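Chemist: These protein sequence lines are chains A and B, in that order.
In terms of our numbering, the first sequence opens at residue 1 and continues consecutively.
In terms of our numbering, the second sequence opens at residue 1001 and continues consecutively.
None of these hints come from the bench; they were simulated from the model.
Predicted, not measured: the structure shown is a model, and the values here were computed from it.
Here a beta-carbon is modelled for each residue, glycine too, at the ideal position from N, C-alpha and C.
One should not assume that every hint holds.
[What the hints assert, rightly or not] Below, a sample of chain B positions facing chain A; criterion: calculated Cβ distance under 7 angstroms:
id	residue
1	V1116
2	S1120
3	I1131
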Amino acid sequence: MPKRATREAFGATLIELADEGLDVVAVEADLSKSTTTATFAARYPDHFFNVGIAEQNMVGTAAGLAVAGKVAFTGSFAVFATGRAYDQVRNTVCYSELNVKLAPTHSGITVGPDGGSHQMIEDLALMRVLPGMRVLVPADYRAAQAALRIAATTPGPFYVRLGRAALQDVYDGSASFELGRAYTVREGSDVTLFACGVMVGEALLAADLLAEEGVSAEVVDIMTLKPLDVATVVSSACKTGAVVACEEHSIIGGLGSAIAEVLGEQHPTPFARVGVRDVFGTSGDPAALMEYFGLTARHVAAAARGVIARA
Amino acid sequence: MERAVDIDTIRTMARHMRLDIVDMISKAGSGHPGGSLSSADIVAALYFGVMNHDPQRPQWPERDRFVLSKGHAAPLLYSALANAGYFDRDHLNTLRQLGSILQGHPDSKKVPGVEVSTGSLGQGLSIANGIALGLRAAGSASTVYCLMGDGELQEGQVWEAAMSAAHYKIDNLVAIVDHNGLQIDGACADVMDVGDIEAKFEAFGWVVTGVDGHDIPALVDALARAKSVRSAPAIVVCRTVKGKGVSFMENDADWHGKAPDEEQTACAVTELSCEL
Chain A
1 MPKRATREAF
11 GATLIELADE
21 GLDVVAVEAD
31 LSKSTTTATF
41 AARYPDHFFN
51 VGIAEQNMVG
61 TAAGLAVAGK
71 VAFTGSFAVF
81 ATGRAYDQVR
91 NTVCYSELNV
101 KLAPTHSGIT
111 VGPDGGSHQM
121 IEDLALMRVL
131 PGMRVLVPAD
141 YRAAQAALRI
151 AATTPGPFYV
161 RLGRAALQDV
171 YDGSASFELG
181 RAYTVREGSD
191 VTLFACGVMV
201 GEALLAADLL
211 AEEGVSAEVV
221 DIMTLKPLDV
231 ATVVSSACKT
241 GAVVACEEHS
251 IIGGLGSAIA
261 EVLGEQHPTP
271 FARVGVRDVF
281 GTSGDPAALM
291 EYFGLTARHV
301 AAAARGVIAR
311 A
Chain B
1001 MERAVDIDTI
1011 RTMARHMRLD
1021 IVDMISKAGS
1031 GHPGGSLSSA
1041 DIVAALYFGV
1051 MNHDPQRPQW
1061 PERDRFVLSK
1071 GHAAPLLYSA
1081 LANAGYFDRD
1091 HLNTLRQLGS
1101 ILQGHPDSKK
1111 VPGVEVSTGS
1121 LGQGLSIANG
1131 IALGLRAAGS
1141 ASTVYCLMGD
1151 GELQEGQVWE
1161 AAMSAAHYKI
1171 DNLVAIVDHN
1181 GLQIDGACAD
1191 VMDVGDIEAK
1201 FEAFGWVVTG
1211 VDGHDIPALV
1221 DALARAKSVR
1231 SAPAIVVCRT
1241 VKGKGVSFME
1251 NDADWHGKAP
1261 DEEQTACAVT
1271 ELSCEL
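If we strip away everything but chain B, and leave its shape as in the complex, we get (with noise of 0.2 angstroms):
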């Protein structure tokens, strides 16, 4: 049975958790808030609406299963967990420290929740995949999300597992990109142009959809028919801004991965402040 969404809490938890993302990388004085803040509302609604988990049992055996592929929003994976309970919130205040449980990029040997680690772009997609045929095979009811960037496209390894995921009908597997539009050197288009994602997946035999992943209402409804389809692996390609909810950050690639100063960080957190 389905549980009911509710969207209300989805924004709500985004919201604290754009505030958590400039808190953290700006106590930290590193990391990737860009990336961060545009996957924000979809990371929410997986943790706060479409997932069925339990934080107070990590390995819970019918838990659905989030992998992060694009390792670098780390950040804002800390902040989902935290808040549905994972771990204690103070954590979040030892982001890239030494002898922090959070680490720059997720580390699953540290992280309550955290499936496996990520970091290195690419890897993601292939690792889904696995648990998926995994969980299949043991019968499991349970759904795998990946999250991918779209400057992570650029990794072949993605179209191998894109290839895979189609040819083994993997259809207990929703993968989403953070259709940002910007990576590290600038414009995707212009450092290597991915083209049409869709067309791509479409064409690879997946069924896509294309949503606002900042609306978050169409956001759930796209996952939610995602998670439907049988026979074919799904993806949902979400158009999100870089950075999204810090007007200074939003569509500047420069804000990949650097942290706010002081000032900065006081500015950002008043805007982010005044949506709560």
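With the rest of the complex left out, here is chain A (with noise of 0.2 angstroms):
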């Protein structure tokens, strides 16, 4: 199976919406075709609205069309829908519990040589703090198809983290999802790797570097951000009794915050962090940056033995 990008999801399963009969709108912020709304907007033109280049604008037009009664999804690059418009976001959508859906693309380090302008370590962050968002940070396209599904058919705001980074199939295609459930993809007895999104794979490949030193990972993929699946994580806290949270993120305030609040209150367990280290990204190529933020399954395994030799 070719990799495939998480963003490559978000036109085509816009099109299955619709083509459903699911009243969805896009709007969109002159990326359409970055985003790949351009599809959507080829096969459904009057269903889609570009404001051009401001993001401001797209979140407020989207919400007025979720008054009007539509499922509004916005498009845009994370960095941009939930930086530039973040006001709008919380005091437009969110206050109003509004049917929007923020699905941007180009989340995290993975976009590569733009840079650190473009690269959005903060939005986990400051999407998880906002009262009634919902957060969706899918591993691969199929998980992608499945959180914007979720954000579609379920009322109020929803925030679905979408890639350019072309990735490998986590999930196989008789994977079903629900919102707010944790996935376990690798059943272990001597650490836990929570990860989302991109490090879910990296996870993966990290348990396979562990198993050949003879330990037992388990891999836990956060697709719901929030709600946390907080039975799931205390529970395979519990079994492995070492934790370590892994994330193309900011370590501040994203899955490594959320799965420290959980545990720290119901079930301290040594743990650590695997993400970007409070500062900026970088230009670079997806798979150099990964290497370079110690993003990497060899980086993950590193902080696996670690906190197993605190455990």
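Fit chain to chain and form the complex, with the hints in mind.
Modeler: This is the structure we're talking about:
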């Protein structure tokens, strides 16, 4: 199976949803080719609104379309959709509990050569803190399809984090997904690797590396960062007694923070974070950047060894 | 078919609403009287003459929509909604109190008749565009009204939305500017000169009407003409007096966001009651 980026699911899933009769619209800010909403626009031109390079207006217009009864998706890149339009997301979308689904692409450092200005590593923190916002971080194309579908069919605000990098499939065609559930994609007993998005694949590779050393790693895909599947997080931590959180995001405010909050309160467990360590991104090839920022399977395995040593 | 608009009813309701505004803000001990009073005739014209709505059915699909982009004029909107019958007038006594449905700025989750929460300035026109596009797609005959302040036009998003409305030829939308010339820090022209508002919207492709925002027949006429514009968005720029109706509040930026004390309230109520 060729690798596919989660962003490729965006336009394709919107088309499917519209084909099925859902009253879905998309508002884009001049990035329809990059986000793939252009494919939806070509098929459903009356359901697509390009507002130009105006992300605040993009979110506001989507909010209005939601008020008028539409299921309103927005596009653009994660850095602009969450950062530039934060007040619009907060005060209009979330405060009014509107049926707006932010599904920006180009999240994280795997954006690559565009550099730090375009590599959004704070979006999960910004979206997670908003009351009423649900946050989904799909790990592969199929999970992205499911995440978009969940967002479209569940009332209220959603953030679906999509990426530019082509990823190996984590799930096969038989997988099904629910809002608020974490998925144990590999069972283990010595350490739990909680991961989301791009890092689920890396965590699985890390589990292979650890297995060669006789270490049994459990890999849990936190596809829904909010609401977090607390029961699965706590039970896995209880089982293994050692935890690593892996995210293509700042180590502040995202998955690592969410896991630490839950375990700190309910089951304190030796814990380590793999993520971008409070610095901005930089230009480079995505694979080189994963290495540079310490986000590869090798780094995850090293973090696991460290946390097991403390357990 | 257009319904007949009763100018006297609008005028009377505007006076009642001004009294409510002063009373509510006085009881609350905080709030924004200046911009609520300046917009009172506009909102009275909308809710008691121009707009097609049914207080018994806040979600009636065929209703016209109103977006109060200048959300700090919440007391005005609450008074209009209560007097129209969306909720009991007793709520007006609870403005800004813990547990009240009447938050400092409008919360659509709490108040029947509020289409969308506002309060962070500059966002209402985008929202109104979206509602209008959604209604147009559904073949609706409803009109969306959006009231902005003039100081609010300093927000860049307003101009993103202004461009967008013209681009999409959103003609089931009527924007309104309460052009009272004042904002928190002083005269708009001194703080950040918005310039010729009418010329700016014209340049953005809008059909613009200027009107005295306290001349109710002229206002009703301007709103009707704006509604009838086709293939372009329309805006009515209303020249108003901040604090209108309360002599010591008029044209004074200091009354943008403070409550009158007991003596001031009595004085304001006397002035406003005289007109009834």
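Chemist: A separate judgement is required for each hint: does it hold in the structure or not?
Modeler: Checked hints:
1. The beta carbon of V1116(B) is positioned within 7 angstroms of a beta carbon in chain A (closest approach about 5 angstroms), and the interface hint is therefore held.
2. For S1120(B), the shortest C-beta to C-beta distance to chain A is roughly 4 angstroms, which falls under 7 angstroms, so the interface hint holds.
3. Taking 7 angstroms as the C-beta cut-off, the interface hint given for I1131(B) holds, the closest approach to chain A being about 4 angstroms.
Hint violations for this structure: none, all hints satisfied.
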